[in-house]
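S.K.: Read top to bottom, the protein sequences are chains A and B. Positions 1 to 306 (our numbering) are the ones given, in order, by the first sequence. Positions 1 to 421 (our numbering) are the ones given, in order, by the second sequence.
These are computed hints drawn from the structure, not numbers from a lab. Be careful, since some hints might not be right.
The calculated EDC-like cross-link candidates involving lysine to aspartate or glutamate, where the alpha carbons are at most 20 Å apart (straight line), are [what the hints assert, rightly or not]:
1) B:421 to A:52
2) B:183 to B:224
3) B:419 to A:71
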Amino acid sequence: MALTLADRRHKWDVKLSPFGFISPYFLIFGVFGLFPLLYTAFVSLQKRNLLDAEGAQFIGFGNYEQLLFHDPYFWNAMGNTVSLWLLTTIPQILFALGIAHLLNRRLRGRTLFRMGMILPNITSVAAVTIIFAQLFGRDFGLVNWVLSWFGAGQVDWQAGTASSHTAIAAMVVWRWTGYHALIFLASMQAIPSAMYEAATLDGARGWQQFWRITVPLLRPQIIFSTVIATTGNMRLLAEPLLFNPGTAAATGGSDRQFQTAALYLYEQGFTKYDFGYSSAIALILAVATMLVAGVSYLVTRRIQTD
Amino acid sequence: MRPKTTPRLVLAVVCAAVTALSACGSGDAAGGKVKLSLGLFGNFGYTDLIKEYQAAHPGIEITERTAAYSDHHKNLAAHLATGGGAADIEAIDTGYVAQFKATPDKFVDLNTVGGDKVKDRWLSWKWSASLAKGGQQIGYGTDVGGLAICYRRDLFEKAQLPADRDAVSALWPTWQAFFETGKRFQAKAPNGVKFMDGGPTVLNAIFGQAPVGYYDQNDQLVVDSNPALRTGWNQVVDAVKANLSAGLLYSTPTWNTGFTQGQFATVTCPAWMMTKIKDQAPDTAGKWDVATVPGGGGNWGGSYLTVPKSGKHTKEAAELAAWLTAPEQQAKVFTSKGLLPSTPSLYDDPKITGYTNPFFNNAPVGKVFTDAAKKLNPQYQGPKAGDVQTEFGNAMQRVEQGKQDGAAAWQQLVGDVAKLK
Numbered sequence: 001m002a003l004t005l006a007d008r009r010h011k012w013d014v015k016l017s018p019f020g021f022i023s024p025y026f027l028i029f030g031v032f033g034l035f036p037l038l039y040t041a042f043v044s045l046q047k048r049n050l051l052d053a054e055g056a057q058f059i060g061f062g063n064y065e066q067l068l069f070h071d072p073y074f075w076n077a078m079g080n081t082v083s084l085w086l087l088t089t090i091p092q093i094l095f096a097l098g099i100a101h102l103l104n105r106r107l108r109g110r111t112l113f114r115m116g117m118i119l120p121n122i123t124s125v126a127a128v129t130i131i132f133a134q135l136f137g138r139d140f141g142l143v144n145w146v147l148s149w150f151g152a153g154q155v156d157w158q159a160g161t162a163s164s165h166t167a168i169a170a171m172v173v174w175r176w177t178g179y180h181a182l183i184f185l186a187s188m189q190a191i192p193s194a195m196y197e198a199a200t201l202d203g204a205r206g207w208q209q210f211w212r213i214t215v216p217l218l219r220p221q222i223i224f225s226t227v228i229a230t231t232g233n234m235r236l237l238a239e240p241l242l243f244n245p246g247t248a249a250a251t252g253g254s255d256r257q258f259q260t261a262a263l264y265l266y267e268q269g270f271t272k273y274d275f276g277y278s279s280a281i282a283l284i285l286a287v288a289t290m291l292v293a294g295v296s297y298l299v300t301r302r303i304q305t306d
Numbered sequence: 001m002r003p004k005t006t007p008r009l010v011l012a013v014v015c016a017a018v019t020a021l022s023a024c025g026s027g028d029a030a031g032g033k034v035k036l037s038l039g040l041f042g043n044f045g046y047t048d049l050i051k052e053y054q055a056a057h058p059g060i061e062i063t064e065r066t067a068a069y070s071d072h073h074k075n076l077a078a079h080l081a082t083g084g085g086a087a088d089i090e091a092i093d094t095g096y097v098a099q100f101k102a103t104p105d106k107f108v109d110l111n112t113v114g115g116d117k118v119k120d121r122w123l124s125w126k127w128s129a130s131l132a133k134g135g136q137q138i139g140y141g142t143d144v145g146g147l148a149i150c151y152r153r154d155l156f157e158k159a160q161l162p163a164d165r166d167a168v169s170a171l172w173p174t175w176q177a178f179f180e181t182g183k184r185f186q187a188k189a190p191n192g193v194k195f196m197d198g199g200p201t202v203l204n205a206i207f208g209q210a211p212v213g214y215y216d217q218n219d220q221l222v223v224d225s226n227p228a229l230r231t232g233w234n235q236v237v238d239a240v241k242a243n244l245s246a247g248l249l250y251s252t253p254t255w256n257t258g259f260t261q262g263q264f265a266t267v268t269c270p271a272w273m274m275t276k277i278k279d280q281a282p283d284t285a286g287k288w289d290v291a292t293v294p295g296g297g298g299n300w301g302g303s304y305l306t307v308p309k310s311g312k313h314t315k316e317a318a319e320l321a322a323w324l325t326a327p328e329q330q331a332k333v334f335t336s337k338g339l340l341p342s343t344p345s346l347y348d349d350p351k352i353t354g355y356t357n358p359f360f361n362n363a364p365v366g367k368v369f370t371d372a373a374k375k376l377n378p379q380y381q382g383p384k385a386g387d388v389q390t391e392f393g394n395a396m397q398r399v400e401q402g403k404q405d406g407a408a409a410w411q412q413l414v415g416d417v418a419k420l421k
């Protein structure tokens with residue numbers, strides 16, 4: 001029997017409607033995600049001044065060649081990015097696990113503490129950085145004041161490589177630990193208490209229970225948090241930019257000691273106006289982010305689930 | 001029935017959306033007022049002038065937005081590149097004006113709206129510094145820096161140096177004498193107080209006096225071959241080695257704290273610096289004074305008001321920019337905020353030359369700065385002067401932080417500057 005028009009319309013409806021419903025995502029992704037990505041790729045093949053689009057010249061992979069083989073400041077920035085990634089991601093995940101474990105116990109004012117966890121994350125990153133930059137001040141900073149009680153000398157936090165990375169990592173860890181802790185806490189509460197009771201009967205103590213039961217069962221959340229933290233830290237811009245503001249902010253210190261890759265991109269694009277070069281940095285950074293996120297995924301996946 | 005209602009509903013929603021959008025687009029005309037925005041950095045002292053202008057022009061509403069120095073110029077570049085978001089009037093500092101005048105088609109050519117008729121108001125070098133190669137004028141000059149030395153009377157007294165401004169000026173006819181005085185100061189200085197705030201500010205002052213700066217007239221970088229820069233660099237490196245510097249980089253929070261905590265006794269002082277000190281450390285009123293700068297004249301800083309073409313009301317904006325930078329208004333800004341006019345007709349005006357500043361122990365700043373401005377040798381500013389200045393600041397910081405000696409820092413600087421093409 002031939003299909004009536006209504007039948008056919010119903011068939012199309014079933015087939016096509018789902019695409020209609022998900023199309024807003026693809027439209028928005030196309031406009032705000034895919035198009036900028038392709039346009040960046042296009043610009044990265046040009047020698048182009050930010051203010052002078054008409055004067056752009058096509059130079060093929062010239063920007064990439066310059067970046068990868070002739071630009072020590074780019075590799076310096078990548079090195080700083082990786083260093084800050086290690087200094088932020090590992091403490092973040094470990095502190096978050098510990099805090100979530102503490103909050104998972106019975107204690108007075110539990111809800112208050114749990115809500116407090118998210119507070120650092122919802123404060124403005126600019127405000128946080130400016131306050132931390134004051135705390136890490138060379139002459140009148142709180143951190144140096146506390147260190148002086150223990151006889152430690154005045155640390156010029158901005159001047160050194162290790163000291164500036166430590167200070168910036170402190171800002172990132174302070175801001176994001178609570179966020180990850182809440183994710184871990186939510187999944188900890190889904191672990192049936194019978195497992196802990198059984199472990200207690202078997203003679204496992206608190207610490208053993210934590211490493212043998214809690215952490216393995218949190219594996220998916222730990223992977224998620226690590227990948228999120230990794231992609232976030234590869235794009236680290238505001239903290240190093242505002243850590244030592246002033247006219248030299250974009251270079252990340254007098255010797256680029258805390259210039260991240262994103263900050264180098266910003267310097268090339270918005271102080272040197274080299275739009276083509278900064279687009280090439282953006283694409284390389286995107287690829288590097290995927291690689292590093294992949295590595296951290298593989299590492300965290302190795303958490304035992306026996 | 002359903003299939004029929006759906007299109008009608010969709011149509012209604014779309015219409016509503018379109019109406020809402022178009023209403024947003026023309027909202028400006030509905031109010032009847034022309035809205036002008038001013039994009040500034042630092043303190044231009046325009047708040048009272050804007051009230052005055054609005055009172056005289058009831059059809060115009062003006063808003064100011066202020067950002068930090070480097071953020072402001074980076075935002076402006078981004079806004080001009082994307083063709084949206086720039087204010088109707090945007091301020092540009094001397095260090096950046098050459099970079100922006102390289103793309104004059106982004107700005108209204110002020111010569112086409114009457115600028116060429118009033119060009120004699122300005123110092124001729126100020127006028128030509130914002131003049132593009134094709135003859136387009138992209139900005140009206142606001143202030144010029146001029147140069148002096150601001151110093152702390154109380155700290156000089158404690159170090160058993162003269163505190164009277166004429167006697168202090170007599171201490172340093174040259175920069176060499178300035179650093180010698182620094183050594184005398186440092187020998188008896190109160191604990192924790194250094195003679196100068198940091199190497200970079202002193203460098204800027206010395207370089208500002210040189211007949212040729214970072215660039216020659218053909219826009220070629222001459223950092224490596226200009227003896228004036230190397231001599232000044234060596235002098236400041238020696239001063240840092242002699243422990244005269246507090247090691248602070250200007251425009252950073254630690255530098256700002258330095259003013260409130262009295263960490264240094266002198267700071268090279270273009271006229272706009274006085275406002276900065278007053279805003280930053282109001283509690284030090286009366287402790288500061290102003291002496292002449294070693295080596296006579298010199299300039300550091302000073303700005304321009306430009307009218308980006310992307311603005312909606314460029315005609316009104318150009319009128320406002322012309323008014324704000326007219327001699328009468330520059331005179332008012334000088335007496336309220338201390339910014340030195342770029343219009344030489346005022347330099348012999350008793351209202352200006354007789355002006356004293358109570359914050360700086362009633363120093364005759366009107367006379368000090370107009371004298372400095374008259375002695376000033378105009379220096380050509382090349383395309384990336386602002387970025388070269390940043391690299392010099394970084395290099396001097398590396399010396400002050402003990403990471404490199406003067407020679408190594410200079411060598412790296414030359415390499416960094418060569419990349420600024």
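S.K.: Hints broken by the structure, by number, lowest first?
M.R.: 2
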